[in-house]
Amino acid sequence: MRMFRLAALAGWMLVCLAPRLPAQDPGEMLLDLGSRRSAVAMEQRSGKPYVSLKDMISALRLEGWESKDRFNLSGPGGELLFLDGRPLVRAGVDYLLMSSPAWKKGPSDWYIPEAFLVRALAPVLPGRFSKTGAARYRFEPRDLNQVKVQVTNHANYVRIEFSTSRPGPIRVHERRDYLEVEFGPYRVRPGARRGTPSSRLVSELKFNSRDPFGTFRIHKGQDYRRYREVGVADAPTRGVEIHGPVRRAPARASRAVPASAATADPAPARRSRLTRSRSRRESPVIVVDPGHGGSDSGGIWEGDLGEQGFVEKDLALQFALRLQEEFRQRGLEMVLTRDRDVNLSAARRSAVGNANRTRAYLSLHLGRAPDETLRGALVYFHGNSPVMPPPEPEELDGEPMVLETDVDVDSEVSEPESETGEGEEEEGVEVAAVQAEPEPEPEEEGKFVLWESGQERYRERSRELAAVVQESLNQVYEVENQVVEAPLTVLQSVAAPGIVVEFGQLTSSEDRWNLTLDTFHRRLISALAAAVAAFLEGPPQGADRE
Amino acid sequence: MNELRIALSLFLLIVIALGVGYYLTEAELQRQRRVGLEEPQVSEPVRMPPPSGSSSREMQVRVFFCAPGATALGEGFLLSEERTVLQTGEPVFNARQIVDELIQGPEEEGAAIFRQDATIRQIFVLEDKTAVVDISRKTADSLAGGIRMELCAIHSITRSLVENLEEIDQVRFLVGGKQELTLSGHVSIGEPFL
Ligand SMILES: [Zn+2]
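Protein chains in written order, with numbering that gives the first Met the number 0: chain A, 0 to 545; chain B, 0 to 193.
Everything labelled a hint here was simulated from the structure, so no lab data went into it.
Mixed in with the good hints, there may be bad ones.
Label-pair ranges, simulated between beta-carbon atoms [unchecked claim]:
no. : chain 1 : residue 1 : chain 2 : residue 2 : range
1   : A       : Gln149    : B       : Glu74     : 48 to 56 Å
2   : B       : Asp116    : A       : His172    : 52 to 60 Å
3   : B       : Gln121    : A       : Lys104    : 50 to 58 Å
4   : B       : Lys137    : A       : Gly308    : 34 to 42 Å
5   : A       : Ala121    : B       : Asp140    : 27 to 35 Å
6   : B       : Asp116    : A       : Gly308    : 51 to 59 Å
7   : B       : Lys137    : A       : Arg347    : 25 to 33 Å
8   : A       : Trp64     : B       : Thr129    : 27 to 35 Å
Stretches of chain A that chain B covers, calculated by requiring three or more beta carbons in the stretch to come under 8 Å of a beta carbon on chain B [what the hints assert, rightly or not]:
no. : region
9   : 161-173
10  : 184-194
11  : 380-389
12  : 518-528
Partial list, derived from the structure: chain B residues whose beta carbon lies under 8 Å from chain A [as the list claims (entries may be wrong)]:
no. : residue
13  : Leu78
14  : Glu80
15  : Val84
16  : Thr87
17  : Phe123
18  : Ala143
19  : Gly145
20  : Arg158
21  : Val161
22  : Leu173
23  : Gly176
24  : Lys177
25  : Leu180
Fair warning: this is a prediction, and the values are worked out from it, not measured in the lab.
Every residue gets a Cβ at the ideal spot worked out from N, C-alpha and C, and that includes glycine.
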C-alpha cells in the first residue's frame, strides 16, 4: 500500500515535469526581415537545434530542391549542397566541413544545425544575415532589384510582364483578392510602368512596399478566373497572364484543316509571343521521356565522401520536370511519359508520344562511356547505321557509280552521310518521292504502319532535331560532339521526330562535377528548350515523305 | 517526511533510467546510420588463363576496340590492334578466339569495354554467314547506363568478326541464350548487325 502511494507520487511528479523536457520540444526560430517577423521550424536532434531549410527558403525567397540524397539551395551568391548523413556542404567550389551533418526529416524537408546557419547562408544571400539573439536572426536585403512593368491587354487576357534588373526566382502566390508577385531576396524598386490593365480582369496593379522585400499585387477584377506564369524571350523577364472566362473556339472540330492555316486561337492560355504553336494543334507539342525508372535505375555512379553519387533514373526525372517548367515558361506544352519512379516499357513510352501526336519526342538519359575522356551531351536518333565501313573510296574515282556488289545488302538500310554512289541514289529516290506526292496532308488516312517501324518515316526530321539539340548542348559543354544514328528501342515506335539526349556522361569527372551545379542544369535546360523551340518553329512539318 | 524522501529518490531513479535509455537509443541510431553508409566490398572473381597453343598454323587478326573520345560512328569510332590466333579451320573456334582477345582488352590506346571476367556463353556460325554471339546476362548488365557502352560492344565484336572471318557477314546478339530487345536497355539487337 505504502509502495503504491510512493510510486503514484513519483509518477505524478514525472507527469508534471515531462512537458518541460527540452528534447521533446520542437521549437521555433525567429527571422526578422525589416519590420516583418517570420517563424522558422526548429527541431532538437542529439541535443542540438536544427533549423528547417524549407522555411528559410520560403522566408528568404531562395530556391531549393531535392535530388536523391542531397538538397540544393541556390541564392544570388551561389549554391549550397547538403548531403544527408554526411558532414559536408559544398558552396561554389569550396567544401565546408560541418561537425554535424544535415538531416533529412522527410521528403524535401531538410534541416541543418543552427550553429551553421550563418556560415552556410551568408555567402549565398545578397545582404546582411546575422544572429541577433538566442534562436533569433535578421536579414537585411542590400541589393536593389529594379522591376519594370509592361501591361498589354488582349481579347480575353491581360499580360503583365516584369523585367528585373537581377536574375532570380519570380514567385506568384494566389490570395483571395489578389496575386502577390515576389522577386527573390532583393529589395524591389518599382521602375517604369507602361500600360494599364483592363479593369474587368485586373482591378488594380500596385507595388506593395509594406512587404520587407517589396512585391507587386495584382488585384483581381470581376471577370478574373485564373492566372498563369509565362516566360518571355529575354531571360530576366517573366510574365503573368490574367485570364477571364474561357470562350469556346470555333475551329476546334476541324482537325483536317492544314495545321499552318491561320485559324482562330483555340486556347488563349497557350498563347505566347515566343512560339507559333498556338494555332497548330491542341495536343501537347513535346513529349519528354525520363529514361529508366522503378527497378531499372539506368547508369549508377557510386559517389563517395567528397563526390556525389548519381542515379540515372532520378536525375533524368528531375531534369525532365525542370524542363517541363522551362517549356511552360516558353509557352510550349510538354507531357511526361512518367512523373514518378516507375518501370515503363519502351512500347508504353512511345505510346505516350503517339497518343499525344507529339511534334517532338525527347528521351532523357545520362551516358556512360568506355573511356573517361568522352564528355558532354550526346544526342542519338534512330536508324541502322552500318558497323562495317563503306567500301574503299578509290572505287568511286571519276564518275559516281552504283556499286552492284552492295545493292542487295543495303537496300533496306539508309546511309546517312554516305558519299558513295549508292547513298546518293537513295537520296535521289527520296527527292523523287517528295516531288511525286506534294501532299500537304499531315496524316495519310487509312494507311497502316507497323508499330515497330513508327520512327522510319521520321528519320530525317529526327536527324535534324538531333543536330539542333546537339549543337545547342555542345555550346554549354564547350565540346564538339556529333549526333549518332543507332537502332534504339525507345525511339523505334515513335511516330514523330524523336531523339535520345544523354545530357552528360557519368564516366567523365568534369561532367559529374558540372551536373552537381544548379546553374549548369539551368543552362542545359535552357539550351535544350531553346533548340527544341527553334526546331518546332522551323518550316518543314510532318513525316519525311510528305 | 520519510515517504517524501523515498518518493524523491524513486523519481530521481526513473529520471536517470530514462536519461540513460534515451542516450543509448540515440547512440544506437547513430551507429546504425553510420553503418548504413558503408557499402560491402565485392571481390573480383579469378579468371582462368587462356589455353596454351598447339602446333596448328597461326593467323594474324585485327581486333577492334572503341577509340577514346570518338563521338561519331564511322571510321574513327574503332581502333584496331593486331593479334595472333590459331588457324583452326573451324570458323566457330576462330571467332571464339577473336572475341576472347577482344575481352582481354586493348594494349594500346583503345578503350576497354568488357571487364576481364566477361563471359560469352556461346558463338554459332550459321550457313547464311550470320554469327550468333550469346552474351551472359551479367556481362550484358555490366554495360548498363549508356548507349555508348552498348554500341561499343556491338560494333567492336561485329567488326572484329566480319573483318577477319570470311565465313561471317553479320552478327546477331543473344543475351543469356535468349533473343532480347537490347543488351542493357538502349540499343536494339532485334536485327543482326553488318
Ligand atoms: Zn539510359
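Supplied contact hint for B/Gly176, tested at 8 Å Cβ to chain A: Not OK, violated: B/Gly176 not within 8 Å of chain A, min 20 Å.
Does B/Glu80 meet its interface restraint, that is, does its C-beta lie within less than 8 Å of any C-beta in chain A? violated (15 Å)
Three or more residues of the region 518-528 of chain A near chain B by CB distance under 8 Å? This one is violated; 0 residues, fewer than the three required, reach chain B with a Cβ under 8 Å.
Can the suggested window of 27 to 35 Å be confirmed for the beta-carbon pair A/Trp64 and B/Thr129? Since the Cβ atoms of A/Trp64 and B/Thr129 sit about 50 Å apart, the hinted range of 27 to 35 Å is violated.
Proposed interface contact between B/Val161 and chain A, which counts if any beta carbon pair is under 8 Å: Nearest chain A Cβ about 6 Å off; hint holds.
Less than 8 Å between beta-carbons is the criterion; does B/Gly145 satisfy it with respect to chain A? holds (3 Å)
With a cut-off of 8 Å between beta carbons, are at least three residues of the region 161-173 of chain A near chain B? Coverage by chain B is violated here, the residue count being 0 at a Cβ distance below 8 Å.
Regarding B/Lys137 and A/Arg347, is the given constraint of 25 to 33 Å on their beta-carbon distance met? holds (27 Å)
Hint status (Cβ of B/Leu180 to nearest Cβ of chain A, threshold 8 Å): holds (5 Å)
52 to 60 Å was suggested as the range; check whether the CB atoms of B/Asp116 and A/His172 agree with it. holds (58 Å)
Close enough to count: is the Cβ of B/Arg158 nearer than 8 Å to one in chain A? At 5 Å from the nearest chain A Cβ, B/Arg158 passes the 8 Å test, so the hint holds.
Does the beta carbon distance between A/Gln149 and B/Glu74 stay inside 48 to 56 Å, or does it fall outside? The hinted range 48 to 56 Å holds for A/Gln149 and B/Glu74, with Cβ atoms some 55 Å apart.
Violated hints for the displayed structure, listed by number in ascending order: 4, 5, 6, 8, 9, 10, 12, 13, 14, 15, 16, 17, 22, 23, 24.
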